[in-house]
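Peer 1: The primary structure of each chain is shown beneath.
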Amino acid sequence: MEPVHKTQGTENRVQQGAELTEQSGWTKVPSALQPGRYFMQGDEACAEGAIVAGCNYYAGYPITPASEIMEHICQRFLQLPGRVFIQMEDEIGSIASVIGASWAGARAMTATSGPGLSLMLENIGYAIITETPCVIVDVQRAGPSTGQATRPAQGDVMQARWGAHGDYEIIVISPWSVQETYAETIRAFNLADRFRVPVILLMDEGVGHLRENMTVSAETSIYRRLKDPMQPPFGEAEVPPMPAFGEGARLLVTGSTHDAWGYRRTSSPQAQEQLVERLVGKIANHRDEIERTHAHFYDEERLDILLVAYGFTARSALGAVRLACAAKVKAGLLRLTTLWPFPDEVVKQAGARARLVMVPEMNRGQVLREVQRVTPQAMGYHRTDGEVITSLEIWAAMQKELAL
Amino acid sequence: MPKITVNTDWCKGCHICVEVCPRHVLEVDKDVFRHGFHPVLVARPEDCTVCRQCELLCPDLAIIVEETEG
Amino acid sequence: MNRGTTASILKYVRSRAFPTPFCPGCGHGILMGAILRAIDQLELDFSRVLFVSGIGCAGWIPSPHYNTDTLHVTHGRPVAFATGAKLFNPELTVVVIGGDGDIASIGGNHLIHAARRNINLTVICANNLIYGMTGGQVTPTTPQGARTTTTPAGNPERPFDLARLVAAAGATYVARYSVWHVRPLIASIKKALQHTGFSFIEVLSTCPTQYGRRNENPTPAGMLRALKQDCVTLERAQELSPEELVGKTIIGEFVR
Chain H
1 MEPVHKTQGT
11 ENRVQQGAEL
21 TEQSGWTKVP
31 SALQPGRYFM
41 QGDEACAEGA
51 IVAGCNYYAG
61 YPITPASEIM
71 EHICQRFLQL
81 PGRVFIQMED
91 EIGSIASVIG
101 ASWAGARAMT
111 ATSGPGLSLM
121 LENIGYAIIT
131 ETPCVIVDVQ
141 RAGPSTGQAT
151 RPAQGDVMQA
161 RWGAHGDYEI
171 IVISPWSVQE
181 TYAETIRAFN
191 LADRFRVPVI
201 LLMDEGVGHL
211 RENMTVSAET
221 SIYRRLKDPM
231 QPPFGEAEVP
241 PMPAFGEGAR
251 LLVTGSTHDA
261 WGYRRTSSPQ
271 AQEQLVERLV
281 GKIANHRDEI
291 ERTHAHFYDE
301 ERLDILLVAY
311 GFTARSALGA
321 VRLACAAKVK
331 AGLLRLTTLW
341 PFPDEVVKQA
351 GARARLVMVP
361 EMNRGQVLRE
371 VQRVTPQAMG
381 YHRTDGEVIT
391 SLEIWAAMQK
401 ELAL
Chain L
405 MPKITVNTDW
415 CKGCHICVEV
425 CPRHVLEVDK
435 DVFRHGFHPV
445 LVARPEDCTV
455 CRQCELLCPD
465 LAIIVEETEG
Chain A
475 MNRGTTASIL
485 KYVRSRAFPT
495 PFCPGCGHGI
505 LMGAILRAID
515 QLELDFSRVL
525 FVSGIGCAGW
535 IPSPHYNTDT
545 LHVTHGRPVA
555 FATGAKLFNP
565 ELTVVVIGGD
575 GDIASIGGNH
585 LIHAARRNIN
595 LTVICANNLI
605 YGMTGGQVTP
615 TTPQGARTTT
625 TPAGNPERPF
635 DLARLVAAAG
645 ATYVARYSVW
655 HVRPLIASIK
665 KALQHTGFSF
675 IEVLSTCPTQ
685 YGRRNENPTP
695 AGMLRALKQD
705 CVTLERAQEL
715 SPEELVGKTI
725 IGEFVR
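Residue numbers (my numbering), protein chains in the order written: chain H, 1 to 404; chain L, 405 to 474; chain A, 475 to 730.
Read the hints as simulated data drawn from the structure, not as lab findings.
Keep in mind that a hint or two might mislead.
Unchecked claim - Selected chain L positions facing chain A (Cβ under 10 Å, derived; list incomplete):
{"hint": "1", "residue": "Glu423"}
{"hint": "2", "residue": "Glu431"}
{"hint": "3", "residue": "Glu459"}
Glycine included, C-beta positions come from ideal geometry on N, C-alpha and C.
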């Protein structure tokens, strides 16, 4: 099907009458983007998804391979009234201003890569303890440190989960296609508001710089944070309602341990325990709303080999499964879209059906470790040379393990 | 005569007010020692000109000067 | 009730947070009052004022004492957080309060960029020449030769002249006063709050516990006396010779 809207020129994209919604909870709104088929780059699809999700504050800093997200949003915000863009002096300033804007009522986002995420971690921890909804996109590249700026990798999985100090839960999503990047960026905003938590969209350079067809539907479901000035903004409810500055709520927002109304409680073991319990519980107790996995080629009850993959590598994994099936091998792919909270149960049950479990990824085994916790026999296939993993090499590795 | 009130719950006995008062209205109460400091004594309120140096320079908002009739 | 008096400003505070956690005689307490006095005299709608503060004793000036929206953030970053809030909701009056370490050491980059952008914020730097809360370490404003826990033989480094630094970065209202000079300080805060553009006030404050005690001036009143003696207005400074200005700090409005 021919794409209706091409990437050159964005003027014809805005759907008339699509306004940002203020209503709390779930609403369906007309999509801010004209519905139809598009041919887009992953980074661009992320930007468009953010716009459709109602992102109205963006602050960022240039970094390969995520700069296109910032540039695209900058261009598009020019056509959209009421949306604020700023390029900040560094990544720390970017995430700080995103959090400040979120508390002023914005649906706020920033995008970066591995080194930038490292800089942002302290303030991500701040967003966690203050329960500030925001979306942080990390388009992963080869590291550590400056590494290979233009080359793909998936080495930030653990950093995204555990990088900020202390104990907490966080939501991390890894899309495998341009279409999924668009849809999951919208879901990231909804999850952020629903759980009052920063959500990391863990892309990789492979998907970020890929161009593919995608479809935009006429309506989008948006979840907007709840408001109730009578309820304390930091306690009692599992996910408390969240006023904005200037509404007369006299908010006491602090990164110190605090009670339900925000008063510092830096000497109270009960306050610390209660706060951490709730921050962890509000995510851990609602995995059903957050987890997202996809099963490909699962018809057989017993599989010879199961691949567990995510991001760009999942595309190659699917190709390898197709090659295997053509060779009459019972192969399947469990594709993870939500990486954290890690879908232990789904992986365990899937792994139990397979003789062998293999986790191909562009790192040294970051998701493999998680899979092995529930499926100890799982093995990895790793590539950390800044190249994507191909279907052929996964199929070759599968054959080797299956002794074919 | 002005009325000078010291909030003894908020005062920490830093004695800035005693030292900055241009009229020496306030004194350190050497006979009392409570919560680890000597509190402030309003010794000569009749000499107060309501300049409010004590109010402005009190770090704890612990001293209030009121103008009264007469 | 006279605006700006202590009786009048009590309506702005969260009483349950008093007595404050500041040391006896802490200059930041004087500044805490001065800011409220300025707001009271301007008759601002307090519920539309947002205070963003950093880590350190100065960060605790508005949080939790001021009974309005307060945002207590990570060390060095209040200017950046404030930028986001102000850009998204320009109706808010946004005031940043932080210490010399928070605003000018770890936060230095955010400070100069916000000044360059001339973002409509008011930044009040409570400069007590020391990292007080963490026990008395040197900061970029500690005078050369001063003793701190990390410069026990005397500070070998030169300090910033913060007011001039921020003026050079592009701020459109810049002043320096001290907590001793509380009346012109209040007048300056009023100007800064009404100024459209980036306003910066360096407020020389006193830390008897960590700075004064180590530098031969351990009493609160003694430190205020030193501020009175060592500060010289811009106008007066023009009449003095370079020798007479040694050891003096110039106060006044540098950019307006």
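Peer 1: Now, for every hint given, state plainly whether the structure supports it.
Peer 2: Taking the hints in turn, this is what the structure says about them:
1. Glu423: holds (4 Å)
2. Glu431: This interface hint is violated because 14 Å lies over the 10 Å limit.
3. Glu459: holds (5 Å)
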